[in-house]
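Participant: Model the full structure from these sequences, guided by the hints.
Residue numbers (this note's numbering), protein chains in the order written: chain D, -15 to 275; chain X, 36 to 336.
Think of the hints as simulated: they come from the structure by calculation, not from any bench. Among the hints, erroneous ones may be present.
[Stated by the list, open to error] No more than 20 Å apart at the CA atoms, straight line, and that leaves these computed lysine to aspartate or glutamate pairs for DMTMM-like:
{"hint": "1", "chain 1": "D", "residue 1": "K195", "chain 2": "D", "residue 2": "E266"}
{"hint": "2", "chain 1": "D", "residue 1": "K50", "chain 2": "D", "residue 2": "E266"}
{"hint": "3", "chain 1": "D", "residue 1": "K176", "chain 2": "X", "residue 2": "D56"}
{"hint": "4", "chain 1": "D", "residue 1": "K34", "chain 2": "D", "residue 2": "E24"}
{"hint": "5", "chain 1": "D", "residue 1": "K136", "chain 2": "D", "residue 2": "E261"}
{"hint": "6", "chain 1": "X", "residue 1": "K270", "chain 2": "D", "residue 2": "E214"}
{"hint": "7", "chain 1": "D", "residue 1": "K225", "chain 2": "D", "residue 2": "D135"}
{"hint": "8", "chain 1": "D", "residue 1": "K104", "chain 2": "D", "residue 2": "E214"}
{"hint": "9", "chain 1": "X", "residue 1": "K113", "chain 2": "X", "residue 2": "E232"}
{"hint": "10", "chain 1": "D", "residue 1": "K104", "chain 2": "X", "residue 2": "D56"}
{"hint": "11", "chain 1": "D", "residue 1": "K34", "chain 2": "X", "residue 2": "D192"}
{"hint": "12", "chain 1": "X", "residue 1": "K148", "chain 2": "D", "residue 2": "E261"}
{"hint": "13", "chain 1": "D", "residue 1": "K55", "chain 2": "D", "residue 2": "E24"}
{"hint": "14", "chain 1": "X", "residue 1": "K195", "chain 2": "X", "residue 2": "D281"}
{"hint": "15", "chain 1": "X", "residue 1": "K270", "chain 2": "D", "residue 2": "D208"}
{"hint": "16", "chain 1": "X", "residue 1": "K113", "chain 2": "X", "residue 2": "D281"}
{"hint": "17", "chain 1": "X", "residue 1": "K148", "chain 2": "D", "residue 2": "E266"}
{"hint": "18", "chain 1": "X", "residue 1": "K270", "chain 2": "X", "residue 2": "D281"}
{"hint": "19", "chain 1": "D", "residue 1": "K225", "chain 2": "D", "residue 2": "D240"}
{"hint": "20", "chain 1": "D", "residue 1": "K34", "chain 2": "D", "residue 2": "D240"}
{"hint": "21", "chain 1": "D", "residue 1": "K50", "chain 2": "D", "residue 2": "E24"}
[To be verified] Computed, partial: chain X to chain D, Cβ under 10 Å:
{"hint": "22", "residue": "W61"}
{"hint": "23", "residue": "M84"}
{"hint": "24", "residue": "L136"}
{"hint": "25", "residue": "S153"}
{"hint": "26", "residue": "V159"}
{"hint": "27", "residue": "I236"}
{"hint": "28", "residue": "E237"}
{"hint": "29", "residue": "K270"}
{"hint": "30", "residue": "A285"}
{"hint": "31", "residue": "F334"}
[As the list claims (entries may be wrong)] Label pairs and their calculated CB-CB ranges:
{"hint": "32", "chain 1": "D", "residue 1": "T262", "chain 2": "X", "residue 2": "V80", "range": "52 to 62 Å"}
{"hint": "33", "chain 1": "X", "residue 1": "V124", "chain 2": "D", "residue 2": "D178", "range": "19 to 29 Å"}
{"hint": "34", "chain 1": "D", "residue 1": "M12", "chain 2": "X", "residue 2": "Y145", "range": "14 to 24 Å"}
{"hint": "35", "chain 1": "D", "residue 1": "A174", "chain 2": "X", "residue 2": "A58", "range": "49 to 59 Å"}
Yeah, the Cβ is synthetic: ideal placement off N, Cα and C, and Gly gets one too.
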Amino acid sequence: MRVMTTIQKGLLTAFMVMIGLVLLFPIMITFTNSLMAGQELRINYGVIGKLTDVTSTGAETFINLKWLPDKVTLEQYGELLVHSPYYLLLFWNSVGLVVPIIIGQTVVAALAAYAFAKLKFRGRDSLFLVYLLTMLMPFQVTLVPNYIMADKLGLLHTSGAVILPGVFAAFGVFMLRQFMLHIPYAYIEAAKIDGAGHLRTFLTVILPMVKPGLAALVILLFVDNWNMVEQPLIFIDNPMKQPLSVFLSRLSGEWDTVFAASMLYMSPMVLLFLYAETYFIEGVQLSGIKG
Amino acid sequence: MMKKWGIFRAPIGLTRWMRRDAAAAWLFLAPSAAGFATFYLIPYVMGLMYSFMSSTTGGRFAGLANYRELLASSSFRKAAYNTFYFSAVSVPLMLALSLGLALLLNRPIYLRKWLRTSYVLPLVVPVASVIIIWQMMFDWNGALNYVLSWSGIKRVDWMKTDAARNVILAVYLWKNVGYNVILFLAGLQQIPKDYYETAQIEGAGRFRQFFGITLVYLTTTTFFVVIMSIINSFKVFRETYLMAGDYPHASIYMLQHYMNNMFVSLDIQKLTAAAALMVCGIMIIVLGLFRLEYRYRQFME
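Facilitator: Below is the structure:
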């Protein structure tokens, strides 16, 4: 690589920072506007959704995009947490869908990944290919059969219709297999010589070695499922049982709470990501490159 | 030599005692396989069967009637065209953009770690949280039209004209570019540095180095990025749906909208036929890419 001068480095850095700011813009503006009073937001953004070009005084109407509030206030958060009990209820619904999926899929996938990565059985590679292919399909292609299946199992209109397919999704198997492929067979053989069965080997040798993989999987599953929209829309018809994601999209125009609601909804993800970024990046990279 | 992507590669060093352990393998696999069969495998097979039946309950075998009806439907053709068009435009654009950013981020610039973090952050932001921001940007009275008005450009009704395609494209790039950047970065970091040094000594210019070393060594990564970008281009349905509802402007009416709406109107025959066609389409593209990658790798070696 050519050596760069300090000026070149500085210019390139400035360019990259600008792109970074563009990418961060929606997050930052959500944050600053969540500290704005509803009244101020209504004045600034009230024209959204109206098909008018000019005001009564003849001036052109546009929203007044504002970075910083005139007065910093926690009014929106207060309104949301104190006066909108359903917000917390729906937040709790999201948690209630995501946590069982994460725990379930991690356990089920770790077991299966061991079989795919370290044991030999007839049809292994073809079965794995089938797992992989389902990972690539959009949710809608199995809408009807899934609906019928949920109906037959008595899961329809319960959170089980969303949780169970989530638990058995192929992604976790795929990712943990990638991590386990790296474990040398010598470890397994050593355990075998010590008289350990497969279960002991799995619990005491394999699992401790794929801890980073488990952490990465938990984060990726959290991100993906916290974002869930389609499944609850179809399978849970009671609006009070749906997760926040579905509800939030209907909030535009509710200036007293909308930015605080968005902020609270994204903050668990953002904080978790900043806390465990290394695992997240390693998980993403390992699912793609090495193996 | 180039590292294999390795999804289909059998683990190395299998010893004989393992072969006797097929029973153990199935025990480990049992919970996953049972659930996977119930919620994925059997539904796919059922869906395929329904697509040839006149009705889901007690229907007769209808041959290709459902497919004929589906292909005659103009809203299906529109949706299929839009979905294909969006992927065909967005994936190459995404590839170029994320590779460019990864190359720049791989230079010894300042704040690298911070920059990487800020590029990836959009990926973890839930779609629903930023819908309000997109509305503020792309509304008739929104920020983008305001900026355009400075230079005297007439307002565009972003969500209700063909321009909606560009909005969805921007949202897609915003959300997914960081993901591909970190994939490319990992690929770039696996290229041995001395290859460039040797090339430089031999007098290879910047472009020769880029095409002769960088791109060649990024082949496997690129294939993976392409596949993931195609999948993610389908996922942009979430944004489209949350921004524009069941019936968005015709230019962004995707196959997923079509399937959702067929579901709501209980037109199960068309839905299952459309689903079967989409699965086939994705399988052809993905398996084709795998084959292409395999050929290319053999050719390189």
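Participant: A separate judgement is required for each hint: does it hold in the structure or not?
Facilitator: These are the hints, each one checked on the structure:
A distance of roughly 12 Å separates the Cα atoms of D:K195 and D:E266; the hinted pair therefore holds under the 20 Å criterion. Pair hint D:K50 plus D:E266 does not hold up; C-alpha atoms about 37 Å apart against a cutoff of 20 Å. Between D:K176 and X:D56 the CA atoms are separated by roughly 12 Å; this keeps the pair inside 20 Å, and the hint holds. Restraint check: the Cα-Cα separation between D:K34 and D:E24 comes to about 18 Å, which is no more than 20 Å; the hinted pair holds.
Restraint check for D:K136 and D:E261: the C-alpha separation of about 41 Å exceeds 20 Å, so the hint is violated. Between X:K270 and D:E214, the direct Cα distance comes to roughly 10 Å. Compliance with the 20 Å bound is thereby established for this hinted pair. With a C-alpha separation of about 18 Å, the suggested pair D:K225 and D:D135 falls inside the 20 Å cut-off, and the hint holds. In summary, the hint linking D:K104 to D:E214 is not supported, as the alpha carbons are separated by about 37 Å, beyond the 20 Å threshold.
Only pairs whose Cα atoms come within 20 Å are accepted, and X:K113 paired with X:E232 is rejected, the gap being roughly 52 Å. Distance restraint check for D:K104 and X:D56: the Cα-Cα separation of roughly 7 Å lies within the 20 Å cut-off, and the hinted pair is therefore satisfied. Of the pairs offered as hints, the one joining D:K34 and X:D192 holds, with about 12 Å between alpha carbons and a cut-off of 20 Å not exceeded. For a cut-off of 20 Å, the pair hint linking X:K148 to D:E261 stands: about 11 Å separates their Cα positions.
A distance of roughly 9 Å separates the Cα atoms of D:K55 and D:E24; the hinted pair therefore holds under the 20 Å criterion. The straight-line distance between the Cα atoms of X:K195 and X:D281 is roughly 14 Å, inside the 20 Å bound, and the hint therefore holds. Of the pairs offered as hints, the one joining X:K270 and D:D208 holds, with about 11 Å between alpha carbons and a cut-off of 20 Å not exceeded. With a CA separation close to 15 Å, the supplied pair X:K113 and X:D281 stays within the 20 Å bound.
Straight-line distance between C-alpha atoms of X:K148 and D:E266 comes to about 14 Å, which keeps the hinted pair within the 20 Å bound. Distance check on the hinted pair: X:K270 and X:D281 sit about 15 Å apart at the alpha-carbon level, within 20 Å; holds. At most 20 Å may separate the alpha-carbon atoms for a hinted pair to count; D:K225 and D:D240 exceed this at roughly 23 Å. The straight-line distance between the Cα atoms of D:K34 and D:D240 is roughly 19 Å, inside the 20 Å bound, and the hint therefore holds.
For the given pair, D:K50 sits about 10 Å from D:E24 by alpha-carbon distance, which is consistent with the 20 Å threshold. This hint holds: X:W61 has a C-beta 6 Å from the nearest C-beta of chain D, less than the 10 Å allowed. A hinted interface residue such as X:M84 counts as satisfied when its beta carbon comes closer than 10 Å to some beta carbon of chain D; here the least separation is about 9 Å, so the hint holds. Evaluation of the X:L136 hint against chain D yields a held restraint, the C-beta minimum of about 7 Å falling below 10 Å.
Among the interface hints, the one on X:S153 holds; its C-beta lies about 4 Å from the nearest C-beta in chain D, closer than the 10 Å criterion. Satisfaction of the interface hint for X:V159 is found here, the shortest Cβ-Cβ separation to chain D being roughly 4 Å, below the 10 Å cut-off. Given hint, X:I236 at the interface with chain D, is violated; its Cβ is 14 Å from that chain's nearest Cβ, farther than 10 Å. Of the supplied interface hints, the one on X:E237 is violated, with its beta-carbon coming no nearer than about 15 Å to a beta-carbon of chain D, more than 10 Å.
Proximity of X:K270 to chain D holds as hinted, the smallest CB-CB distance being about 7 Å (cut-off 10 Å). Because the beta carbon of X:A285 sits about 19 Å from the nearest beta carbon in chain D, more than 10 Å, this interface hint is broken. At a threshold of 10 Å, the smallest CB-CB gap from X:F334 to chain D is about 21 Å, leaving the interface hint violated. Checking the proposed 52 to 62 Å range against D:T262 and X:V80 shows it is violated: the Cβ atoms sit about 41 Å from each other.
Remark: the range hint 19 to 29 Å for X:V124 to D:D178 is contradicted by a beta-carbon distance near 57 Å. Look at D:M12 against X:Y145: about 21 Å separates their beta carbons, and that is inside 14 to 24 Å. Look at D:A174 against X:A58: about 22 Å separates their beta carbons, and that is not inside 49 to 59 Å.
Hint check: violations occur at hints 2, 5, 8, 9, 19, 27, 28, 30, 31, 32, 33, 35; the rest are consistent with the structure.
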